[in-house]
Amino acid sequence: MNNIYRNQLVQLTNSYIKELIREPAVLFWGILFPILMAWGLGIAFTKQGDVIRTVAIVKHNDLLYKPGNSILYDFLAKNAARKNGNYAITISNKKLGKITYIFKECEWHEAYTLLKKGNIAIIVEDFGKYVNYHFDPASSEAQMVFQQISGMLTTGVKFFASHEDEIKPLTITGTRYVDFLVPGLLSMGIMMSTMWGISYTIIERRSKKLLRRMVATPLKKSNFLIALIIARFIMNVIEALLLFVFSWLYFGTCIQGNLFALLAVFIAGNIAFSGIAVLISSHTSNPEVGNGLINAIVTPMMVISGIFVSYHNFPDWTLPVIRNLPLTMLADCVRSIFNEGAGFAQIWFDILVLLLTGSISFVIGLKVFKWY
Amino acid sequence: MVNHTQNIRQSLIEVQNVKKSFKDIKAVKGVNLSIFAGEFIAVLGPNGAGKTTLVEMIEGIQLPDEGKIIISGKEWKNHEKELHKIIGLSLQETRFVDKLTTFETTRLFASFYGLGNNRVNEVLELVGLNDKKKAYVNNLSGGQRQRLALAVALLNKPGILLLDEPTSGLDPNARREIWNILLQLKKENTSLILTTHYMEEAEILCDRIIIMDKGQILAQGTLEEILKQSGKKEVIEFTLHEKINSGDLTNSTLHINWNNNLETGSIVIEDIQLQMSGLFEFLKNKNLTINRFDYRRVTLDDIFTSMTGRHLNE
Chain A
1 MNNIYRNQLV QLTNSYIKEL IREPAVLFWG ILFPILMAWG LGIAFTKQGD VIRTVAIVKH
61 NDLLYKPGNS ILYDFLAKNA ARKNGNYAIT ISNKKLGKIT YIFKECEWHE AYTLLKKGNI
121 AIIVEDFGKY VNYHFDPASS EAQMVFQQIS GMLTTGVKFF ASHEDEIKPL TITGTRYVDF
181 LVPGLLSMGI MMSTMWGISY TIIERRSKKL LRRMVATPLK KSNFLIALII ARFIMNVIEA
241 LLLFVFSWLY FGTCIQGNLF ALLAVFIAGN IAFSGIAVLI SSHTSNPEVG NGLINAIVTP
301 MMVISGIFVS YHNFPDWTLP VIRNLPLTML ADCVRSIFNE GAGFAQIWFD ILVLLLTGSI
361 SFVIGLKVFK WY
Chain B
1 MVNHTQNIRQ SLIEVQNVKK SFKDIKAVKG VNLSIFAGEF IAVLGPNGAG KTTLVEMIEG
61 IQLPDEGKII ISGKEWKNHE KELHKIIGLS LQETRFVDKL TTFETTRLFA SFYGLGNNRV
121 NEVLELVGLN DKKKAYVNNL SGGQRQRLAL AVALLNKPGI LLLDEPTSGL DPNARREIWN
181 ILLQLKKENT SLILTTHYME EAEILCDRII IMDKGQILAQ GTLEEILKQS GKKEVIEFTL
241 HEKINSGDLT NSTLHINWNN NLETGSIVIE DIQLQMSGLF EFLKNKNLTI NRFDYRRVTL
301 DDIFTSMTGR HLNE
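Protein chains in written order, with my numbering: chain A, 1 to 372; chain B, 1 to 314.
I should point out that these hints are in silico values taken from the structure, not numbers from a laboratory.
We treat Cβ as the ideally placed atom computed from N, Cα and C, and that holds for glycine.
Be aware that a few hints might be false.
[Claimed, not checked] With a cut-off of at most 25 Å between alpha-carbon atoms, the simulated DSS-like pairs for lysine-lysine come out as follows:
| no. | chain 1 | residue 1 | chain 2 | residue 2 |
| --- | --- | --- | --- | --- |
| 1 | A | K220 | A | K18 |
| 2 | A | K220 | B | K132 |
| 3 | A | K209 | B | K132 |
[Claimed, not checked] Sample of chain B residues facing chain A (criterion: CB under 7 Å; computed from the structure):
| no. | residue |
| --- | --- |
| 4 | I61 |
| 5 | K81 |
| 6 | H84 |
| 7 | L89 |
| 8 | L91 |
| 9 | V97 |
| 10 | K99 |
| 11 | S111 |
| 12 | G114 |
| 13 | L115 |
| 14 | W179 |
Chain A extracted, bound-state conformation:
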C-alpha cells in the first residue's frame, strides 16, 4: 500500500474515532450500558433474595369452608397467617432461602384475570377432599409452584427444608450465572456496537450525500469501509476491556483458557459482524429501513443465541440453526475460553467460520455497494 492510501486510512479512522468520542451518548450506550447490565443482572441472579409467589384458590361449587370440610382450608388455617384477607405461608431452606406463598381466594373470573396479567402462575381448585391444579405445563415456573404446593399439602411446610444438608451451593468461579452472563454480554457488545455503529454510519453518510461527496475524490473506496471497521474495533476493545475489568473486580470473573485464542475469536467476531454490517447497509439510504434491517438481524440473535439464558432448553430441531448463528458461535467460544479453559484446539473451526462469514459478506457488500 502506498503512502497516500495509508494516509487516507489514518485520517478516516482518526475522524471516526473523534466523532465517536465527541458524542457523549455513544460513550454511555456503548461502554457504560453493558457494564450496568452486567452489574444489574449479575446482582439480580446471584443474591438469593426472598421470593413471594401468589396462588389463586377457587372453591368448587357449594363447598362450605369449615373445619373438617376441606383439606386445603384446614392446612391453611393451621399453618398460614392472615394478611390483607389472604393466607400467607413462608417456607424456608437454609440453602435455598425463603419463599412466601400468598393464597388468594377468588372467583374463576378473578383468577383468570390474575393469570392473564402474570400475577399468578397457577389456580388451585378446592374440591374439599382433594384439589385440582390448573396451570400451563409448558411453564417451568408453574411446574415448580405446583411441586411446592403439592409438597406442602402432602408432607407439610417442613418439606421444603427436607434436603437442606444435601444441597451444596456452587460458588466456584466459572459455574455461577454471572460467569455465564459476562462472556455473553461481551459477545453481544461486539455485535451491537459493530452492527449499529458501522451500518448506521454508512446509511447516514449516504443519506446526507456525504458518501457521494467523498467518493468524488481519488479516495480508495474500500478505505472508507476499512477505516470504519478499524475505528469500531478500537472502540470494541475498550468496551470489552472495561467490562472485563469491572467483572473481574466486582464478581471475580477470570479467564481460565488461552488468552491468544480469546484475542483471535474476538477479532474473528469483529470481522464477522463488520462484514455483515457492510452487507446489509450496502444499498439503502433510508435510516428507517436501515433500522429495520439491523433490528431484523440483531434482535433474534440477542434472544436465541444464549446470551442471557442457555439455548439448550429450546426444541431440538432449532439447535442446529441456533448453534450456527454468528453470535452463538462467538458467545460459545468466549464462554468456553472463560469458563472451561478452552484454547485454539477447541475453537479453531468456529474462528475460521466467523472469519469466512465476515470476509464473504464484506466482499459481496463491497461489490454491490451503492456509493452514489
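Starting from the known structure of chain A, fit chain B onto it as the hints suggest.
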C-alpha cells in the same frame, strides 16, 4: 451565439447528446454543450429543470443513459482517477460530519488527494474560514458551511470547478462573499460551471449563461446575446386595485403574465403601441383599474417566463 474564436479553440468539456431518465421521469433530454478552458458558465433554470442531473453527469456521479461526456479528451468510465484529480465540486446540500471541526473536515478530504496541512491552511485562508478552524461544523452558519464546501472543492487546485447551487438559501451578504471568492478564481484560469436560480449570480459571475427547462437547453450565450436573441427589449409591469385570479387575464393577443404571489402582471413588449392600447382596452372591459404602472428593461426571467410560462426561481 458562440463567437468564432471559441469554435476553433479546443473545448475542455464536451457534452454530446446526453440523455438521462429516472424511472419514468426524463431528467435530461439530449443536451449538447461545449465548455472552454477558463470559461465561467451558469446553468440557470427552475427546480426540476435537470441542472443537477446534468452537472452530476459531468462530475461522474451519474452515468448518462445515452450520449458522451468528454473532459480533457477523457471519459469517466476509463479515466476515473485522472478526472477526479482535475475536478473540484460541491454538491447540493452536502452535510459534513457535525462533530468534526472545519480544519479536521478539510484535512480529511486533503488526505484523499494525498495533500497535507499546508494546502488545508491555504484553502481555508482562501475562503476566509481561518478564524473558524476549530469550530465544529454544526456551529457554522449556512454561509460558512458553503464556504467550507468550497474550500474542500478547491483542495486539489482543480482546473474545473462544478458548484451545484453554491449560494442557495444564503442571505445577500453571504452570497456576495462567495461571489468574491469565485471572482478571485476567475483570474487563475479556472473553469467554472455553477447551477443557480439567481439571475443576478449568473450575470455577475459568468461569461456564458445556459437556460434549462424540462431537461433541455432553451437558450445560451452571454446575457446580452440572450436578450438580443429574444428580440425583446422592454416590459410593461402593472398592479391592479382589484383582487383577481391568474385565469382572469387570459388573453390570446396580449400574452399577459400574471404572478399570483407578487400580484403583478407583465407583458413583454413586441409592438408597444398595439399592446399598450390593447391592455387598457382589455382592462376597461373587465372593469379593472391600474394601481401601479412600470416600464422597464427586459430581464432573463421575463424571457424565461415568456418561453415557459414559469419563473426561474420557481
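Outcome of the hint check:
Pair hint A:K220 plus A:K18 holds up; C-alpha atoms about 21 Å apart against a cutoff of 25 Å. For the hint linking A:K220 to B:K132, the alpha-carbon distance of about 29 Å lies beyond 25 Å, and the restraint is violated. At roughly 23 Å between alpha-carbon atoms, A:K209 and B:K132 fall within 25 Å of each other, so this suggested pair holds. Contact between B:I61 and chain A, as hinted, is supported at the beta carbon level, the nearest pair being about 5 Å apart and thus within 7 Å.
Taken as an interface hint, B:K81 checks out: its beta carbon lies about 6 Å from the nearest beta carbon of chain A, inside 7 Å. Evaluation of the B:H84 hint against chain A yields a held restraint, the C-beta minimum of about 5 Å falling below 7 Å. Here the hint on B:L89 is kept, as its CB sits about 6 Å from the closest CB of chain A, short of 7 Å. About 6 Å separates the beta-carbon of B:L91 from the nearest beta-carbon of chain A, less than 7 Å, and the hint is met.
Hint status for B:V97: holds, given a least beta-carbon distance of 6 Å to chain A, under 7 Å. For B:K99, the suggested interface contact is upheld, since its CB lies about 4 Å from the closest CB of chain A, less than 7 Å. Interface hint at B:S111: satisfied, since its Cβ lies 4 Å from the closest Cβ of chain A, which is below the 7 Å cut-off. The restraint placing B:G114 at the interface with chain A holds, with a minimum CB-CB distance near 4 Å, inside the 7 Å limit.
For B:L115, the shortest C-beta to C-beta distance to chain A is roughly 9 Å, which exceeds 7 Å, and the interface hint is violated. Because the beta carbon of B:W179 sits about 22 Å from the nearest beta carbon in chain A, more than 7 Å, this interface hint is broken.
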